[in-house]
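Visitor: One-letter residues, chain by chain:
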Amino acid sequence: MSARTCWSCGGEVAAGDPICPSCSKVQPAAPAGATLDKFDLLGVAPSFDEPAGLDEKFRSLYRMLRPDIFARASPRERRYSLEQTTLLNDAYKTVKDPVRRAEHLLALRGIKVDPKMSPEFLEQTLEDRERLLEAKMSGEPLEPMAKGVREQRDRTLAQVRELVENGGDLAQAAELLARMRYYARYLDEVEGRAVEL
Amino acid sequence: MPALLQISEPGESRAKEACATGAVGIDLGTTNSLIAIVLGDGKPHALAVDEGSTLLPSVVHYGEGGGPGSVVVGQAARRMATEFPRDTIVSVKRFMGRSSADPETRRLSPYRFAEGDSGVVRFVVDGARVVNPVEVSAEVLRALRTRAEDRLGIKVHQAVITVPAYFDDAQRQATKEAGRLAGLEVLRLLNEPTAAALAYGLDKRSQGTFAVYDLGGGTFDISILQLQQGVFEVKAVGGDSALGGDDFDRALAEILLEGQERTPRKVREAIDAAKRAKEDLTRVEVTEALGKRVTRAQLEAAIGPLIEKTGGPSRRALRDAGAPDGKGLDGVILVGGSTRVPAVRRYVRELFGMEPLADIDPDEVVALGAAVQADLLTSESPQHDVLLLDVAPLSLGLETMGGLVEKLILRNTTIPARATQEFTTFADGQAGMDIHVLQGERELVQDNRSLAKFTLAGIPPLPAGLARVAVTFQVDADGILSVTAREQLTGVSQTITVKPSHGLTDEEIERMLLASIEHAEEDVQARLLIDNRVEAQRILKAAEKQLDSNGDLLSADERRQIEAQMAAVRTAAQGSDHTAIHGEIEKLDRVSADFAKRVMDRGIERALKGHSVGEFDQGELSPHAKKAYEALRED
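Sequence lines, in order, name chains R and A.
Once you know that position 141 of the first sequence is 141 in the working numbering, the rest is easy, because the numbers rise by one and skip nothing.
Once you know that position 490 of the second sequence is 490 in the working numbering, the rest is easy, because the numbers rise by one and skip nothing.
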């Protein structure tokens with residue numbers, strides 16, 4: 001990536017740098033796009049597990065860029081601060097969450113997680129949900145079922161890790177990863193999180 | 001200059017330096033408002049601004065004449081509320097950012113509402129003046145500002161103003177406008193529970209996961225925060241922006257009013273008596289209100305269902321924060337005057353399974369936290385280095401095919417936040433795309449709050465599905481949303497920033513600003529004249545229509561009387577005396593009240609005979625006539 005020029009002092013700013021090293025002014029955010037490396041943005045190495053020191057990295061960057069310290073700055077700096085912290089929040093949300101993090105890892109390798117499922121898996125989820133509904137109606141305890149799905153989820157994620165870390169079939173990893181949404185929705189429903197408003 | 005603060009601390013010179021920035025924290029509450037500032041001791045202090053108290057009742061009285069001295073705020077205004085129930089606006093916060101069609105404006109209250117074109121709530125006060133909630137709130141803020149200036153001996157022009165975490169976009173916008181109108185630069189809108197946590201975290205050095213249960217006069221908020229080493233991270237929020245102590249008062253007032261005639265004055269008296277009784281009953285078991293004996297058990301029976309309404313949002317927020325049923329919670333902080341009610345405390349104890357904390361005055365804690373934030377935002381060397389991470393209280397989305405909502409930003413997303421979604425055209429050569437912005441958690445459009453509607457025009461003619469429109473939502477650090485829509489493919493791009501559809505238009509804000517800066521009497525008079533003329537035309541048209549279709553309900557004499565008064569309204573409307581026009585309109589209302597009732601009865605009769613109620617076309621009636629019907633209906 002190429003360096004940019006600081007809008008304020010004209011000095012050179014490295015592409016990923018949110019602050020100008022010469023005059024300390026906040027810089028505009030990189031244009032949004034699929035190629036943005038959110039690990040890089042946070043200054044951590046890409047990894048399947050949560051990178052060490054993620055929280056601290058995020059907070060120290062946020063501390064530098066947050067809108068609070070630009071409350072009385074020029075409209076331009078306020079805008080850049082808003083852009084930068086918006087990106088930062090999104091990156092942190094992605095890298096903090098195991099599933100989003102894995103998706104992003106794949107995206108960085110050019111693999112998009114496709115929401116299309118194999119018919120067998122779809123059939124399985126439909127069956128699971130039907131059973132859940134029946135159990136809800138009959139007042140049967142839901143926890144054993146939730147436990148089963150939780151175990152499936154953990155197994156699936158372990159498989160994804162295996163594929164990603166040992167140079168396996170990334171397309172297969174993407175397919176497995178897409179299943180995580182179904183597990184999440186199922187567990188939400190067990191916990192009554194869906195629509196209780 | 002009145003005596004400076006009634007505190008003495010070492011480092012007086014530091015105090016001057018610290019408050020030289022004049023950045024204050026303001027809790028603009030439903031019932032009471034407070035102003036606080038960080039002084040040289042590094043601590044926030046609430047200022048005594050109303051008859052020796054730090055609590056300024058959020059009550060604004062509009063007196064005769066409309067001159068600068070005719071507006072009274074605070075205790076003094078509260079005392080006038082009974083005598084002038086319609087000219088004294090209490091709990092205006094409940095109307096902030098609400099449209100006149102909102103159920104909130106239809107609750108038990110003594111006010112007279114005018115109908116505005118943009119659907120914003122407007123109160124008719126002092127006979128003919130029309131004010132909106134933003135203007136009323138600005139009076140409260142202005143009073144806080146000027147009284148704080150007297151107290152401190154410096155100018156105050158920057159403020160952090162708190163809002164309920166559960167305030168939606170329109171309510172936040174309205175609050176910000178009120179600040180601007182009161183001559184304040186609003187540095188930040190801060191969520192009330194977050195402000196409270198800030199005060200607690202710094203004062204008590206609390207660490208861990210906390211729930212802030214904030215039940216104020218008109219709003220309920222629940223926030224789950226994680227506090228550690230100067231980082232305040234909001235995990236989840238929830239609430240009800242129309243639930244609070246006011247509802248307790250109204251519930252009790254309903255009991256006091258049983259079997260009584262309901263005039264605006266009676267209603268005001270009953271609500272005030274209920275409020276006093278409620279306060280008494282935090283200490284004693286039995287009290288008296290309007291000559292009736294009221295017991296704590298009675299009060300608790302009346303408000304029990306209201307208190308229980310806080311349970312749902314609380315449980316949901318706990319789950320959202322990953323602390324179901326209060327598991328892993330280190331404490332519950334009580335905020336807001338309504339948490340003094342013993343039944344509320346009992347409920348909180350049960351709900352969270354622990355004794356709640358109330359070490360810092362629940363009335364002051366929010367303003368104190370706001371002052372800390374104001375200091376952080378303005379000082380070269382703030383007293384505390386704090387990192388605040390707050391969230392969007394409600395999901396934000398767009399209407400898609402079939403009346404469904406597509407969510408772009410989910411509730412409890414850390415702000416600032418941004419999301420983009422692409423849409424394509426569905427017809428060949430489609431030149432425009434309707435964009436409907438919604439806030440809420442439900443699936444169907446109709447169940448969510450409509451924030452804005454606009455059409456992206458100028459899409460180049462292309463076959464269906466080829467034009468691509470990217471809609472981007474950006475939520476800033478105040479929790480305020482802006483939406484832009486851009487046609488992608490052709491490079492012809494168009495950017496539109498939306499204002500909430502039931503908020504105030506730019507012109508209205510401009511008009512209010514001008515009016516407040518210049519306070520030009522002529523301007524006000526001119527506006528009143530126009531408003532009253534429009535009102536006169538409206539009521540005349542309605543009356544004519546009713547005479548046409550229901551004239552048979554009148555005797556010749558009655559008809560003559562109404563027609564004579566209509567002529568009087570017509571004549572007055574040609575003149576330039578707005579009070580005269582208003583007077584004649586009122587008279588017409590009076591002489592036609594009986595007629596109105598008969599028309600109403602006929603309508604009901606028809607409805608009972610199987611016609612639909614819709615056939616009785618109330619929509620055609622003037623607001624005055626409608627009020628008359630509503631009053632009759634209540635009897």
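It should be emphasised that the hints constitute simulated quantities derived from the structure, not laboratory data.
As the structure is a prediction and not an experimental result, all values here were calculated from the model.
Careful, some of the hints might be misleading.
[Unchecked claim] For each label pair, taking beta carbons as the anchor points, the in silico distance ranges come out as:
(1) Phe426/A with Ala184/R: 25 to 33 Å
(2) Asp447/A with Gly110/R: 20 to 28 Å
(3) Gln152/R with Glu285/A: 56 to 64 Å
(4) Gln229/A with Thr125/R: 40 to 48 Å
(5) Glu130/R with Asp447/A: 36 to 44 Å
(6) Asp428/A with Cys9/R: 49 to 57 Å
(7) Gly353/A with Glu191/R: 13 to 21 Å
[As the list claims (entries may be wrong)] Cut-off 27 Å, straight-line C-alpha distance, at most; resulting in silico cross-link-like pairs (DSS-like, lysine-lysine):
(8) Lys309/A with Lys136/R
(9) Lys407/A with Lys93/R
(10) Lys96/R with Lys136/R
(11) Lys96/R with Lys309/A
(12) Lys136/R with Lys204/A
(13) Lys327/A with Lys93/R
(14) Lys327/A with Lys204/A
(15) Lys204/A with Lys147/R
(16) Lys545/A with Lys112/R
The C-beta atom is built at its ideal place from N, Cα and C for all residues, glycine as well.
Visitor: With the threshold set at 27 Å, check whether the alpha-carbon distance from Lys309/A to Lys136/R stays at or below it.
Guide: 24 Å, holds
Visitor: Holds or violated: Lys204/A with Lys147/R, Cα cutoff 27 Å?
Guide: Cα-Cα ~40 Å, so violated.
Visitor: Under the criterion that the straight-line Cα-Cα distance not exceed 27 Å, is the pair Lys96/R, Lys309/A satisfied?
Guide: 34 Å, violated
Visitor: Within 27 Å, alpha carbon to alpha carbon, are Lys545/A and Lys112/R?
Guide: 65 Å, violated
Visitor: Are Lys407/A and Lys93/R close enough, with their CA atoms no more than 27 Å apart?
Guide: OK: Lys407/A and Lys93/R at ~17 Å, within 27 Å.
Visitor: Take a look at whether the Cβ-Cβ distance between Gly353/A and Glu191/R falls inside 13 to 21 Å.
Guide: 18 Å, holds
Visitor: Is the gap between the beta carbons of Asp428/A and Cys9/R within 49 to 57 Å?
Guide: Taking Cβ atoms as reference, Asp428/A and Cys9/R lie about 52 Å apart, which means the hint holds.
Visitor: Starting from Lys327/A, check that the Cα of Lys93/R is at most 27 Å away, please.
Guide: 23 Å, holds
Visitor: 56 to 64 Å was suggested as the range; check whether the CB atoms of Gln152/R and Glu285/A agree with it.
Guide: 57 Å, holds
Visitor: Can the suggested window of 20 to 28 Å be confirmed for the beta-carbon pair Asp447/A and Gly110/R?
Guide: 40 Å Cβ-Cβ, so the 20 to 28 Å window is violated.
Visitor: Given the hint of 25 to 33 Å, check if Phe426/A and Ala184/R actually sit that far apart at their C-beta atoms.
Guide: 31 Å, holds
Visitor: Under the criterion that the straight-line Cα-Cα distance not exceed 27 Å, is the pair Lys96/R, Lys136/R satisfied?
Guide: At roughly 33 Å apart (the allowed maximum being 27 Å), Lys136/R and Lys96/R break the hint.
Of the hints listed earlier, those the structure fails to meet are numbers 2, 5, 10, 11, 12, 15, 16, in rising order.
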